[in-house]
Each structure stands twice: as structure tokens, then as C-alpha cells.
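Asks: Here the protein sequences line up with chains A and B, keeping their order. First residue of the first sequence: 1, per UniProt numbering; consecutive thereafter. First residue of the second sequence: 1, per UniProt numbering; consecutive thereafter.
Simulated from the structure, these hints should not be mistaken for laboratory data. Treat the hints with care, since some could be wrong.
Stated by the list, open to error - Computed list of lysine to any residue pairs in SDA-like fashion (alpha-carbon distance at most 20 Å, straight line): (1) LYS235/A to SER234/B; (2) LYS202/B to LYS230/B; (3) LYS125/A to VAL77/B; (4) LYS90/A to LYS9/B; (5) LYS230/A to GLN221/B; (6) LYS90/B to HIS67/A; (7) LYS235/B to GLU237/A; (8) LYS125/B to ALA48/A; (9) LYS125/A to GLU102/A; (10) LYS9/B to ASP52/B; (11) LYS202/A to GLU59/B; (12) LYS235/A to SER276/B; (13) LYS235/B to LEU233/A; (14) LYS9/B to GLU47/B; (15) LYS90/B to LYS125/A; (16) LYS202/B to LYS125/A; (17) LYS235/B to TYR248/A; (18) LYS202/B to GLU59/B.
Stated by the list, open to error - Computed list of chain A residues with no C-beta within reach of chain B, every gap over 12 Å: (19) ILE10; (20) ASP32; (21) PHE33; (22) ASP44; (23) GLY49; (24) ARG133; (25) GLN189; (26) THR210; (27) PRO212; (28) ASN232; (29) ARG239; (30) GLY265.
Virtual Cβ for every residue (Gly too), placed ideally from N, Cα, C.
2 protein chains.
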Amino acid sequence: MPESEYNQKIGYLGPKGTFTKMAVDALFHGGDFTSYETIPACLDAVEAGEIDTGVVPMENAIEGSVHLTIDYMTHHVDVPIVAEMTVPIKQHLLVRKDFDPEVEEITQVYSHSHAIAQCHQYLHKQYPNAELRYTSSTGRAAEIVADSDEPIAAIGNHLAAEENRLVIMKHDIHDYDNNHTRFAVVQKQPKTMKIRDHIPTKHKTTVMVTLPKDYAGALHQVLAAFAWRKMNLSKIESRPMKTGLGNYFFLIDIDQAYDQVLFPGVEAELEALGCSLKLLGTYPSYELSVPTPNMQTSQ
Amino acid sequence: MPESEYNQKIGYLGPKGTFTKMAVDALFHGGDFTSYETIPACLDAVEAGEIDTGVVPMENAIEGSVHLTIDYMTHHVDVPIVAEMTVPIKQHLLVRKDFDPEVEEITQVYSHSHAIAQCHQYLHKQYPNAELRYTSSTGRAAEIVADSDEPIAAIGNHLAAEENRLVIMKHDIHDYDNNHTRFAVVQKQPKTMKIRDHIPTKHKTTVMVTLPKDYAGALHQVLAAFAWRKMNLSKIESRPMKTGLGNYFFLIDIDQAYDQVLFPGVEAELEALGCSLKLLGTYPSYELSVPTPNMQTSQ
């Protein structure tokens, strides 16, 4: 492996044991890793050149608001998306190795508010009397349980268990299956990244389209520019502009790499309609497959 | 005021002093109020008939994930939206009355992770050495500061200050202006609600459209059904179905009340395309205007 790979500075929304860190571990062989407390702090570090690469949640996140990532990327920093990694969200109930459920009852459950909410049904049925305690991340919840000697549990992923020498008392306690988080890998100066042995499931392009005024059918006209070129849109989301209520921009994911024919054609048509198009990135899309508990055990 | 108004049971995402509670105070004269720890817990209580009305964040929330509200409402409970309230998000730095910034330096700043992220630039410049501590809500952060005798501060709204007898040391420390949160008011059995003296800014209808398969131009066809009827869409968002990646449904806000001509026409056309349409609510939209600090003081 070339030395330069290990010299790459990679930042992510921390702490250790979060779903973001799972995405980072899946993406990179090695490097100089830094954990950031907030999404803006991580994106700022990329913008300022303090790190080469940042990894932040972009959709359906536990640790942070999607909107925060999108808004900060569209309004404050200019750091293109160079890859995305989709990670399945599987929440487990984590306890210390010496905790014996036959002897003691769990009195408190720690986790990020979103993770607790995702396990609402399970907690309601299994631990109706346990006190719910909220933390800044699932990783932090695991740290607290590891450092305590009380009969308490954390909700988090298997990495949080490993990082904090906890055991998984109960697998997959989330109420809904098929929950995923998409993470964006961003770089100020796109450079060749060494991604671990993943094969991209597809290539995608993300654009931001700003409409001159909120009028009936405007979005329909915008989408027509993509539709007649048979460009498939895998995501569309309207977001308010920071200039006030009622002014929206659209964030659109297209299921293909940027090219010099179709995209400039779309852009020219949208400009003729008074819209503007900003390219936020064209990138390979990776998926992390986490083995299910059934596959890990002898069952 | 009729007695029945006070008997209405209203639940909201708590605790006291959150932006959700600001929306609740703005909406209702009186009633029997219950604070819930999570969005699913509040929605479950409405579904189960334990409360008449629930108020939860729907977009750009501090306390909770938008996606959680939308997903829970579309997949788990059947509680129509009967009103929405938009609240401007203004974050202030809150301290105890006896705290003197001339004598002591703030060592820790407490708040919900999203609120801390929203004030990232301010904190970075003004309090680079303060430790950031994360709480489950802005309201909880204010409680912690009120109960402490250390030189610490909370980030929260003016209601959090009032509820916990804190003072606003610095107004409007959020990095971006014009940030708003939309709250949904939901009821299992829609009944006449006594809304305080607000005049709706408009009427809206929210629908969920499910596509049979993710194919190029599908969304464009769906929007055509609205566009040729000159129905203005104020929000559109694609969300993954819980059945796995790549299967999406669309959440669409239309800027008009449900009627018996246009909407059934749209529904019939979409069904002919193999799509299904589910009505999530048709409701008045209210806006809370919070006076700016300049208007409150003599400046």
C-alpha cells in the first residue's frame, strides 16, 4: 500500500463507535483519523484544509440532522461530495460483560434521542420501568455504560460494543428493519481516494436547483428537463432558502455520473426557465453489508 | 371560554421550554398538557386515545428528527394533521441571574446537539475554550444550568429562560437567520380545536404518494397530475419505504385545502399510473411571529 494512503487526514462526526465511524472503517484502509463533535466543525475542517477528507451523515442519520449537513454544504462551505456510503442501522442493547440479567434489572437505558426513538416499541414492551437517558451520540452512550458499575444499558451498534468492551445483550432492537443512513465523503480538492475493496453499486450526481419564484408547476417544469432525457432521480427534497419562508431550493440525486452532454443540456434548459443549477458532486455510491446476527452465530 | 376547551388533553414533545412548547403555547388558550420524551411516545398517545391532540416537530426540528415524525405517521399510526404552526428558531445564550461575565468565564455550554451545531460559528469565535455538553433538548439544558452553581451557560429559546428563571446573556446567537420549525398538530378524531387568535396564513394539504417502481420520469408524471390543475406544491420530499433501499414514497404539500373536485381527479390519474395516494391531512397553517430583540428593547 502506498505511504500516501496512510498520510491522508480523515475527519468524521464522532466519537468512536458511532455509525459514522462504521462508514469510515468500511471506506478506508488507513490514515490519520480525527473525530469532530459537530457536523459543521467537520465540514469547516475540510474547507480550511486541516483535513483532506470529511465523512458526515447525509440522510436518515442518528447522530445529526440531515438538514444541517445539506444546509451547511449548500450555504457555508464549498466541499464537493466525492463518494457516498450507505450503512444499515441496526441497534443493539449493550451491557458490560459482568452484567447478569438474571440477577439485576436494567434501571437506565442510555442513547442518542433518535436511537431511543427508533427502539421505542421495544423499550416500551421490554423495559417499561427503565429510565431513558439521552446522550450526544450512540458512541457516547456506550462509553458511559462502560465507565459505570450500575445496572444500566446503552443502545448502539456492534462497533460501539467493541470499542467499549461491552457485550450485545439483545440484537436488533430497532422497531423497523431496513433502516439505512447515507454518509457523504467530501473533499475540498478531490483527489484519488483509496476506498477499501468495495465495488460501487452505482454512480450518482447531486445537484441543487434554485427556482426564481415559488409558482405553480415550477418543479414540474424542472423535472421535465431530466425526464425527457430518461435521467432517473433517486431522491428529491425541497429545502427552504435561508432568505425566509416560502423560498425553496431543490436537492436532486440523479442515478448517473455527470457527463458533458446530458447535464449541460439540463442546465441550459433550467437557466432558460430562470432557474440555476449547482453541482454538489458526482460520485460512486457504496453499500456496507453488515452480517445479521443469524449469520454471525451458529444458528 | 367554554369549559370543554380546558378539558382538552394536549400532548407535546417536551420538556418545558422547548420550541415545541412555544408552538403549544401559541396554539392553545388552555387545556390539560402532558409532555412526552419522544416523538413516537407522543404520537402513540394520540393513536391510543390517551390524549386528544399531539404537537410534534415536522420540519427543521431541534428536538427531533423530521424523518422520525414523518415515518412514524406514515407507517405506524393513523393520526391526521389538523393544523400546523411555524415557529422561528432564535437561539439565545442563557445564564443564571447571579452569573457575572465580568468576574467569571463560561466553562461549559449545554444544549441539544442540533442547537449547538446551529450556533457553531458563534461558539467557535466567542467561547473557543468552553466545553460543549449535549442534552436531550434545549429545555433540559436550561434546567441543568438553573440547577448548577458553576459558571455554565445553555443555548435555548426565551421560553426556556423564563421557565427556568435564567436570563438571556446574548440574543440570537444562531449562525443563520430565517430558520423555522414547522410543528404538526395531530388528532385521532378531528374535532373543533380552539386555536388562539391566529389567522391562518394559508390552507394546506399533505399527501403521501407511493410509486409502484422506481423508474425514470415516474415523479415527473406524478407531478404532472398536480401541475396541469395549477395546484402549487410547497414541499416535496422522497423518503425510502421501510421495505428496503431504492423503494421510495413521496411526501407532497399542496398549498390549498382538500376539495371534492381537484384532489379526487389527481388521485384517479395517479391510480391509473399504478401509484397510490394517501391523505395525511388538510389543515390551516399558522405562523408565530416572535418579536426581535431590537423590538423588545429601547434600541
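Asks: Starting from the hint list further up, note which numbers the structure goes against and sort them upward.
Replies: 4, 11, 15, 16, 22, 24, 28 and 29
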